[in-house]
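**Q** Just so you know, the sequences run in chain order V and C. Per the numbering used here, the first sequence starts with residue 1, numbered consecutively. Per the numbering used here, the second sequence starts with residue 1, numbered consecutively.
Heads up, some of the hints might be wrong.
Listed next, with one range per pair, are the computed distances between beta-carbon atoms [what the hints assert, rightly or not]:
hint : chain 1 : residue 1 : chain 2 : residue 2 : range
1    : C       : A182      : V       : H746      : 39 to 45 Å
2    : C       : E82       : V       : H746      : 35 to 41 Å
3    : V       : G31       : C       : A182      : 41 to 47 Å
20 Å max Cα-Cα, derived DMTMM-like pairs, lysine to aspartate or glutamate [claimed, not checked]:
hint : chain 1 : residue 1 : chain 2 : residue 2
4    : V       : K272      : C       : E119
5    : C       : K189      : V       : D121
6    : C       : K192      : V       : D121
7    : C       : K96       : V       : D271
8    : C       : K193      : V       : D93
9    : V       : K242      : C       : E106
10   : C       : K96       : C       : E116
11   : C       : K96       : V       : E240
12   : V       : K242      : V       : E108
13   : C       : K193      : V       : D121
14   : V       : K242      : C       : E95
15   : C       : K96       : V       : E108
16   : C       : K96       : V       : D268
17   : V       : K69       : V       : E55
18   : V       : K262      : C       : E135
19   : V       : K69       : V       : E5
20   : V       : K262      : C       : E116
21   : V       : K704      : V       : D359
22   : V       : K131      : V       : D93
23   : C       : K193      : V       : D129
24   : V       : K262      : C       : E106
25   : V       : K428      : V       : E478
26   : C       : K192      : V       : D93
27   : V       : K338      : V       : D654
28   : V       : K505      : V       : E478
29   : V       : K262      : C       : E119
30   : V       : K272      : C       : E106
To be clear about the criterion: a stretch of chain V counts as covered by chain C if any three or more of its residues have a C-beta under 8 Å from a C-beta of chain C, and this derived list gives those stretches [what the hints assert, rightly or not]:
hint : segment
31   : 232-240
32   : 261-273
Simulated from the structure, these hints should not be mistaken for lab results. Just so you know, these numbers come straight off a predicted model, no measurement behind them. From the three backbone atoms N, C-alpha and C, an ideal C-beta is built for every residue, glycine too.
Each chain is listed here by its residues.
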Amino acid sequence: MNPNEVKIKIDGVECVAKEGEYILNIARANGIFIPAICYISRCSPTLACRICLVEADGKRVYACNAKAKDGMDVTTSSEEILEERRAIMGVYDINHPLQCGVCDQSGECELQNYTLELGVDSQNYTIADCKRESTNFSSVLHYDPGLCIVCERCVTICKDMVGDNALSTGPRNGAELDKELKESMPKDAYAMWNKLQKSLIVPSDESGQTNCSDCGECLSVCPVGALVSRDFVYTSNAWELKRVPATCSHCSSGCQIFYETKPTSISDRSDKIYRVTNEWNYVSLCGAGRFGYDFENSGATKDEKQFTKAIKAFKEAKAIRFNSTITNEEAAMLQSLKKELGVKLINPEAKAFQSFLKDFENYRGESLYSGNYKEMMSESNFIISVGSALRHDNPNVRYTFNNIQKLNKGAGLYFHPVGDTLIESLGKNVTPIYHTPGLEEYALYLVLDLFASKDELPKETKNYLESFHKKATKTVQETIMEDVTETVVDEETGESKEVTKKKPKVVEKEVEYVANELASLLGAPEGFGDIFEKMVAKADNFSMVVGEDFYAHPRAENLAKLLAFIEQYTAIKIALIPPKTNSLGVALICDLDEKADGYTIGYNEAGDFRLSALGDGDLDMPALNQQEGTFTNMHKRVVPTNAALSYNGYELNDIMSALGLGEQLSIDWTSKLPTRKGFEALSFDALPNGFTNAGEELRGYMLKQKATKAKAFEVEKPDESYKLEGEIAYRCNPQRQFNDFTNRAHQIFEPFALYVSEAKAQTLGKKVKVEIDDVSLELPVEIDAKMSGDVVKVPDFLSSKEIYPLFNAGRFKQVKISEV
Amino acid sequence: MNEKQKYIMLDLGGTPLTPWCRFKRVVKRTFRIELFIGLWVTIREMFKTLFMGKSHTTKYPFEKMPIPPRYRAIHDMLRLLESGHYRCIGCGLCEKICISNCIAMETRYDENQRKEVSEYTINFGRCIFCGYCAEVCPELAIVHGARYETASEQRASFSLFEDMLTPIDRLKEQEEFAGYGAPTPWADKNIKKTPLAY
Chain V
1 MNPNEVKIKI
11 DGVECVAKEG
21 EYILNIARAN
31 GIFIPAICYI
41 SRCSPTLACR
51 ICLVEADGKR
61 VYACNAKAKD
71 GMDVTTSSEE
81 ILEERRAIMG
91 VYDINHPLQC
101 GVCDQSGECE
111 LQNYTLELGV
121 DSQNYTIADC
131 KRESTNFSSV
141 LHYDPGLCIV
151 CERCVTICKD
161 MVGDNALSTG
171 PRNGAELDKE
181 LKESMPKDAY
191 AMWNKLQKSL
201 IVPSDESGQT
211 NCSDCGECLS
221 VCPVGALVSR
231 DFVYTSNAWE
241 LKRVPATCSH
251 CSSGCQIFYE
261 TKPTSISDRS
271 DKIYRVTNEW
281 NYVSLCGAGR
291 FGYDFENSGA
301 TKDEKQFTKA
311 IKAFKEAKAI
321 RFNSTITNEE
331 AAMLQSLKKE
341 LGVKLINPEA
351 KAFQSFLKDF
361 ENYRGESLYS
371 GNYKEMMSES
381 NFIISVGSAL
391 RHDNPNVRYT
401 FNNIQKLNKG
411 AGLYFHPVGD
421 TLIESLGKNV
431 TPIYHTPGLE
441 EYALYLVLDL
451 FASKDELPKE
461 TKNYLESFHK
471 KATKTVQETI
481 MEDVTETVVD
491 EETGESKEVT
501 KKKPKVVEKE
511 VEYVANELAS
521 LLGAPEGFGD
531 IFEKMVAKAD
541 NFSMVVGEDF
551 YAHPRAENLA
561 KLLAFIEQYT
571 AIKIALIPPK
581 TNSLGVALIC
591 DLDEKADGYT
601 IGYNEAGDFR
611 LSALGDGDLD
621 MPALNQQEGT
631 FTNMHKRVVP
641 TNAALSYNGY
651 ELNDIMSALG
661 LGEQLSIDWT
671 SKLPTRKGFE
681 ALSFDALPNG
691 FTNAGEELRG
701 YMLKQKATKA
711 KAFEVEKPDE
721 SYKLEGEIAY
731 RCNPQRQFND
741 FTNRAHQIFE
751 PFALYVSEAK
761 AQTLGKKVKV
771 EIDDVSLELP
781 VEIDAKMSGD
791 VVKVPDFLSS
801 KEIYPLFNAG
811 RFKQVKISEV
Chain C
1 MNEKQKYIML
11 DLGGTPLTPW
21 CRFKRVVKRT
31 FRIELFIGLW
41 VTIREMFKTL
51 FMGKSHTTKY
61 PFEKMPIPPR
71 YRAIHDMLRL
81 LESGHYRCIG
91 CGLCEKICIS
101 NCIAMETRYD
111 ENQRKEVSEY
121 TINFGRCIFC
131 GYCAEVCPEL
141 AIVHGARYET
151 ASEQRASFSL
161 FEDMLTPIDR
171 LKEQEEFAGY
181 GAPTPWADKN
191 IKKTPLAY
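Looking at chain C on its own, in the form it has when it is part of the complex (with noise of 0.2 Å):
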């Protein structure tokens, strides 16, 4: 064996050949404390529920686990948090880098003479959930959330700019996106300060 591989050999013993060495192993398995542990364990819980009130099920759909922020379910769309705007900025590289094309937006020039995002879509029967759009997008504006119910009367339901949107009056909620694309806890570092001498 190499060196630098050290395995640990598990001792299995060695393999019944004879019908009565099978036999024997059948009865010393059966009859081993393990299973009555295993027992003691499943009737311990099953009264820690029944009378204690103390569960490890989680009561879908009341209740729901906390997912990790790596998780890709349904995108959001953030707003500023000093001004509550909207933080796309229409400038589609989401639409582009969108392996199955499913998403699609109209922009247009607007009073402010700014570009203003007139339309937005996911289409979420194509949508793969691969979380390119997050990573590409330089606003940290479009982000997955932690909707991963997907099923729905219609499939419209979750797919326009509105419904994914931040609500403005629960802008306060609004949580930074700490996923696919956030910048990394060393970013800073990484910043190159250009010269501001004026």
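For reference, chain V alone in the conformation it holds in the complex (with noise of 0.2 Å):
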């Protein structure tokens, strides 16, 4: 047995379990069943509602917090524990408005299932009701505190997961309880009652709105109906709709989610995606993974002249322009016509990514990268953030951050040249360095300066970083206890008798310390040295995630080989962030190209002949909704995805068969994925898309990382001459806005427009005209509430603005803006 491991008994059957790990979990684990409403797994416990009450070791504890001891032995249920379970559940169901008739949450309620699974049948205790009213908390959120039961799972996710910390609970102004009852009712459920007459869950922010990041993970996780998306409100039961379990499509994260479909109406009885939800135990979704649902190519047919036209058009294409929007059997598919009839595969975002992970894994010696975001939210107490704004990128990397603050009792650095408080309350031991940008080789520096062992970095290297470090002195107040001698009179004698006493005495004090100013250079807050000995004292898991700011970056390959450097040498654990969604499948599956010239075929990009899932190109595609097939997500897993709406119209597939290349399903091209790149010769059938129990993830398959020939190489300098002053630019989209697809989705409501800072909108007006090289582009002014600093950012998730090519592909411009 694992030293770390422990043996406990749970009903009669023995479980092993990580030490540390709580009761609850373990039993999950072990297909033992404890009634629990407000655990969240991956969120630190709420003790809200104590029906998890189990007896260990003869004494009651809450199985959701009690950590498992070896040898424990756990009873699960005794007429005494169901004896105060009913009473909590009896509790619960005073005044909760007997609707299920109506209620969304009827058939998949937590309140009705455990009100019968504990066979509440009587009501025995009464209290006056208050009046609650439902509002809207944003957009997207509508709450019915009339339904609400206060477990608090919606407080708990949004800051131990998400981390916009936007709701918290409030005063109910509920009737007092009588004090008789604290004798007569079990303790557990009075206790429980006397906190819920005391509470209902309202906005943290004082306007009544939640200004959060519309992820609606809050609403996922309610038990009830209380939280319900304000567009599902009353649209349809739980049991009218049909669970497809696919992969969101939106970014890299590659998250589980299911589709749930019903018929449109009585009169189109196609379906239609109400609704989007998820295993939130297991997965947390963003805004647009959420909501951004509805961005099939509807109506699209199978129009022989436009596909004849598109076989001609193929035969004559010098190259296909594509984005990694895709799934790997397109990829696979466009590949092979690379290899069949010679064209030129351009994608720059993707191959960018490849060519800057082809260095890093070169540099390396094993292909793909070594860090894990899984392991990482469970197991690593500091991160690092370079190159991402990570609010916009990719949400889930920055719920793994603020998890890590959260339940790791870590800390976090966060480097990157866009402002933004929300990261920095994600923590207190979060610190965040707003460098220039172009110095992002510093901060790799400062990052080897401050975790690699001197002794062992090459002379050159320790040299380099030494030559920063500057003597420097500073004040700091000290206190220190003084003697200090007064005059008393005895009030009773009337002598005057001398006291010595012990008086602390605060003093300033001249202190010699190495200041570094590879931190001053990047403008880390004043006293970084101590602030960061604060931050690394606890930590002993590193972890490093890297963002699209490096793979275009002008410095990319120095870059790459100052990341393996830094895994050389430290005990960081590095993962890429792909900047698209399959953009890991794309540059392990195609050979890009750099540019062509010539008849091109866009697919959902620009070209002479365009293949669009949009509808609006020559040939309509089906949209990743409507496709079966697979992605390589950041997780370096190939996960499956279902199509959860019909498509009459031509796939990709049907073109490579009537160009001789195809196969017979899109999803025969699954098995066909490059092997030597790390796939597997798996059928799409065989993939699975679940979790067990335990949280362990059966999604598809992990790709095989294998050991390569490192090659040998030495770290350049830092080139100062791209460090970009003035006026900036970061091309960056608004937080629930990836592509085109997710700015067609109905709920999703964030404008194509510049996102500044609200400092920074005081000095601008409502529209600016904005020049990037010789373009110039009139864009309305949105404030972004959470960032700060004067850099301004230009979304490029609408493909027809061509933001992406005026940025090269890279994520820093410098720009004129003017006011229109």
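With the hints as a guide, bring both chains together as one complex.
**A** In structure tokens, the structure reads:
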């Protein structure tokens, strides 16, 4: 047995678990049922419902926050425990409106389920009800306090996972409990009720609006019908919806989702997606995943004329331009076109990622990257983010960053040129370093300086790092104990006496210390050395996430070298964030080209002949919620997705078949993905898509990582010539926008605009002209309340606006902004 | 014979064995008085009908038989007697329980923050009149009515909510349903009271 493992007995069943694991989680992993309402795995226990009461070694404990000790004997139910649980459910049922008939949660309601499970068939308690009116918390959240049981799951997930901290408990002004009940009622039920009468859920913001990222995680965790999406209220019952397990197609996180469909209306019997749900104990979605689901290409038909034109175009084409919101299968088809017809494949964002990944792999001597986001979330307690606007680029990495702060009591370093007040608020051990764009290399050198053991480093690097260490003095305040002599007059005798006492005194002292000029060069907060020491004091598991800023950086190769260097000389595990949905898959499957001239086919991109899943091209293609296939996500996993909606037009595979290169079905390509790149020759239907009770992910398969021959290299010194000054624009989408498809969804409202901080907005008007090189754009100005600093954000989610090429795949650009 | 099962045996006489015996039986049955009794009843009723205007025949379609409450004909949608608002709350249980999948409904969040049934239809081409929908309805909103004539020029003629709903001007004539799913006469006895001390 592993020394970190413990053996406990739950209801006579022997269970092996990690030390420090909660009893509830162990029971769940072993298929033993303990009722629990307020607990969410991967979040801290709330202890609001108290229903998970069990007996451990004869003592009453709450399974959700009692840690397992070796040899523990747990009984999950006895007559007294059941009595207590029944009383708790009875209390929850008091004044709960009997409107299951119209409630959205009916059929999947935990209040219904546990009331029945525990056999609560009569009501023994009563209290006067108070007025509770339903409100809307935001443009997507609807809250009905009448139905709320204040389990605080929404508050917990928002704090521990999402990090918005947008919800909290507020006063209910309910009636006071009868004091006699304290004696007559079961203890826990009374305590729970007492708290329940005093609280309700309110937005943390005083405005009564959440002003959050609108991810909707609170809706998904709500056990009753209190929090529901405004769009979904009263439109469907849970049992009418067909659940299609799929993978979200908006970012590289590739979260598991369920598209829930039912017929559109009585007159239109074709399926429509009504909502997206998730296994919230194991997966947390963002706003785009949850609300950006209706991007299907509806009304496509088999237009034979256009199809013939398409075949002709493919025969004529010199290049195919596409982006990474495609499946692995489609990528394999495109690669096969390249091989057979000799067309060039153009995908600038995947190309940048591909070459960065290739460099990184070469220098570190293993394919892909070592970091694993899931392990990071559960184990790491120090996370460094470089080159990514975490709040926008990849919500799941941000959740990881936040979860490390909240659950692992960790610390975080955030290197980025764009100020973000949300990241700052994630934990008290989060230190943002807002550096000037172009100084990314210095950031990595600082990481090296902070984490590498100096003796192991090559001499040249060591000397270089030491050149930044300058001796300096600072004044510190110190408290010393000082003897003070006072004359005290004795009141009785009138004699005066001299008494000596020790009193604390604050003195200022000059202290010599080593100042790190690298930190100040990057604009780290004052006293960074001390701050860092505090951050790193309890940390023992380090991780780093690398974002899109690096991939098309003018010094990308040196950055890759530096990352490999960091991995070699420090204990930090590095993970890359692929820029778009399937960038990793495309980078592994396709041989991409830099440039191409001549007749071009555009797949969801500009071209002479356009294939489009948006319905605006020359030939329709299915959108990603109408297709079967697989994605390769940032977790290095190949995950399957299924078609939620029907599609009657042509697919890429039909074109392939007409060219004599096709398979019978698109998913027949799944087993043909290149095994030398780590894919497995498994058929689509063999891929699972689920989670075990223990939270183990059984979705598709993990890419195989292989050792490669490590290339010898020397890191170069930073090149400061790429430092950008003046008015700077950052290519970055608003929080719930990723591409044309999210923009199509009717519940995603973020407009195509220039996003600026509140302070910056005051210097600009309502509409501005942004000049990037020789192109000028007119954009309305939107305030991003969680942004700080002077950098402005230019979104690129609308491909028709051609923002991406303006930035040459990079992300920072000097611009001229003038008011219109 | 088992003592508990007290059958009464009919005395039908023996089975005629010879052709002569069979012939005798035919003659006996033919000329017995019962035949004329039967003929008399017929003639009497004929006279009653023709000359006295007393008939047992219902002149369908001008006359219709009253049907028993548990008969399952075309559905009715009832209204609340007090407010006149339709009773259906859009819970979707009828849609769920329907074994021939013929009920469909659309609901929405209305201006009064209530669940509103915006569309409701029953496909009577599929309905087997099993009565489950009426039985499951928690509001006694959908019930079986008395319209058993299911012939129409168009199938759609019955199937919309408005067709089934009690016309508002005939609300007073709306009768409480006594068939499937209606509360039993002793329903009050089964209700447990909850404490309402405050």
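**Q** A separate judgement is required for each hint: does it hold in the structure or not?
**A** Hints versus structure:
Evaluation of the 39 to 45 Å hint for C:A182 and V:H746 yields a pass: the beta carbon distance comes to about 43 Å. Here the CB-CB span from C:E82 to V:H746 is close to 39 Å, well matched to the stated 35 to 41 Å. V:G31 and C:A182 have their C-beta atoms about 44 Å apart, which keeps the hinted 41 to 47 Å range intact. As the CA atoms of V:K272 and C:E119 are separated by approximately 17 Å, the hinted pair is consistent with the 20 Å bound.
Taking the CA atoms of C:K189 and V:D121, the gap is about 16 Å. The hint holds against a cut of 20 Å. Restraint check: the Cα-Cα separation between C:K192 and V:D121 comes to about 9 Å, which is no more than 20 Å; the hinted pair holds. Taking the CA atoms of C:K96 and V:D271, the gap is near 17 Å; set against the 20 Å cutoff, the hint holds. For the proposed pair C:K193 and V:D93, the alpha carbon gap of about 15 Å is at most 20 Å, so the pair holds.
At roughly 16 Å between alpha-carbon atoms, V:K242 and C:E106 fall within 20 Å of each other, so this suggested pair holds. A C-alpha spacing of about 18 Å is found between C:K96 and C:E116, which places the hinted pair at or below 20 Å, so the restraint holds. Between C:K96 and V:E240 the CA atoms are separated by roughly 7 Å; this keeps the pair inside 20 Å, and the hint holds. In summary, the hint linking V:K242 to V:E108 is supported, as the alpha carbons are separated by about 14 Å, within the 20 Å threshold.
For the given pair, C:K193 sits about 11 Å from V:D121 by alpha-carbon distance, which is consistent with the 20 Å threshold. Taken as a hint, the V:K242 and C:E95 pair is honoured in the structure, with Cα atoms around 15 Å apart against an allowance of 20 Å. As the CA atoms of C:K96 and V:E108 are separated by approximately 15 Å, the hinted pair is consistent with the 20 Å bound. Proposed proximity of C:K96 and V:D268 is supported: the alpha carbons are some 19 Å apart, at most 20 Å.
Distance hint between V:K69 and V:E55 is fulfilled; the C-alpha atoms sit about 13 Å from each other, no more than 20 Å. Between the alpha carbons of V:K262 and C:E135 the distance comes to roughly 25 Å, so the proposed pair goes past 20 Å and is violated. A threshold of 20 Å between alpha carbons decides the hint, and for V:K69 with V:E5 the separation of about 9 Å falls inside it, so the pair holds. At most 20 Å may separate the alpha-carbon atoms for a hinted pair to count; V:K262 and C:E116 meet this at roughly 18 Å.
The suggested pairing of V:K704 with V:D359 holds, with an alpha-carbon distance near 18 Å, which does not exceed 20 Å. Restraint check: the Cα-Cα separation between V:K131 and V:D93 comes to about 17 Å, which is no more than 20 Å; the hinted pair holds. Restraint check: the Cα-Cα separation between C:K193 and V:D129 comes to about 18 Å, which is no more than 20 Å; the hinted pair holds. For a cut-off of 20 Å, the pair hint linking V:K262 to C:E106 stands: about 11 Å separates their Cα positions.
Using a Cα cut-off of 20 Å, the hinted pair V:K428 and V:E478 is violated, with the two alpha carbons roughly 24 Å apart. Annotation: proposed proximity of C:K192 to V:D93 holds, straight-line Cα distance about 15 Å (limit 20 Å). With a C-alpha separation of about 17 Å, the suggested pairing of V:K338 with V:D654 holds against the 20 Å cut-off. With a C-alpha separation of about 8 Å, the suggested pair V:K505 and V:E478 falls inside the 20 Å cut-off, and the hint holds.
A C-alpha spacing of about 15 Å is found between V:K262 and C:E119, which places the hinted pair at or below 20 Å, so the restraint holds. About 13 Å separates the Cα atoms of V:K272 and C:E106, which keeps this hinted pair within 20 Å; it holds. Remark: the segment 232-240 of chain V is confirmed as covered by chain C, as 7 of its residues place a Cβ nearer than 8 Å to a Cβ of that chain, reaching the required three. For a cut-off of 8 Å, the count of residues in the segment 261-273 of chain V with a CB near a CB of chain C stands at 3, and the three-residue condition holds.
This entry does not satisfy hints 18 and 25, going by the numbered hints stated previously.
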